[in-house]
Amino acid sequence: MSMAKIIYFSAPNKEGNFDEKYARNNFSEDVSIYRFYVDSSESRATFELCVENRTVINRALNLAGSYLQPVCEGCPMDLSGKDNILNVEKGEAVRYNDVWKVTKKAKILVK
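Offset between the sequence shown (1-based) and the working numbering: plus 5.
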């Protein structure tokens with residue numbers, strides 16, 4: 006896949022998809038959780054969490070049911086004592102109209 010651009014999203018919707026109208030071209034610590042690597046056709050992407058930012062990790066862990074569980078594998082139900090997230094494998098998404106539908110969940114490790 007040849008990458009054309011990077012976009013950022015916050016939480017997926019309750020169906021586990023990302024609405025294009027909430028995409029940002031730049032990382033924003035207050036909003037961004039996921040980084041999408043969009044291919045040149047702009048119809049497919051791989052994605053991962055922005056785990057290099059401590060604020061993102063804290064927000065994702067505090068709201069794991071909304072931010073992590075719909076689109077990630079490896080998020081335990083009990084997060085007590087957990088304070089870090091590592092990307093293990095990127096997820097995949099396909100764009101249908103203005104919605105990015107996750108076709109393969111990202112794999113993470115919560116430590």
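No lab work stands behind these hints, which were simulated from the structure alone. As the structure is a prediction and not an experimental result, all values here were calculated from the model. Backbone N, C-alpha and C fix where the C-beta goes; we use that ideal spot for every residue, glycine too. Please note that the accuracy of each hint is not assured.
[As the list claims (entries may be wrong)] Derived DSSO-like pairs (lysine-lysine); straight-line CA-CA distance at most 27 Å:
| hint | residue 1 | residue 2 |
| --- | --- | --- |
| 1 | Lys112 | Lys95 |
| 2 | Lys87 | Lys26 |
| 3 | Lys116 | Lys10 |
| 4 | Lys10 | Lys109 |
| 5 | Lys10 | Lys112 |
[As the list claims (entries may be wrong)] Here are the simulated distance ranges between beta carbons:
| hint | residue 1 | residue 2 | range |
| --- | --- | --- | --- |
| 6 | Asp83 | Lys26 | 30 to 36 Å |
| 7 | Lys26 | Ser71 | 28 to 34 Å |
| 8 | Ser85 | Glu47 | 37 to 43 Å |
| 9 | Ser85 | Met8 | 35 to 41 Å |
| 10 | Val36 | Val99 | 22 to 28 Å |
Hints and how they fare:
no., hint, result
1, Lys112 x Lys95, "holds, 6 Å"
2, Lys87 x Lys26, "violated, 32 Å"
3, Lys116 x Lys10, "violated, 30 Å"
4, Lys10 x Lys109, "holds, 20 Å"
5, Lys10 x Lys112, "holds, 22 Å"
6, Asp83 x Lys26: 30 to 36 Å, "holds, 34 Å"
7, Lys26 x Ser71: 28 to 34 Å, "violated, 18 Å"
8, Ser85 x Glu47: 37 to 43 Å, "holds, 41 Å"
9, Ser85 x Met8: 35 to 41 Å, "holds, 37 Å"
10, Val36 x Val99: 22 to 28 Å, "holds, 23 Å"
Going through the hint list in order, the structure does not satisfy hints 2, 3, 7.
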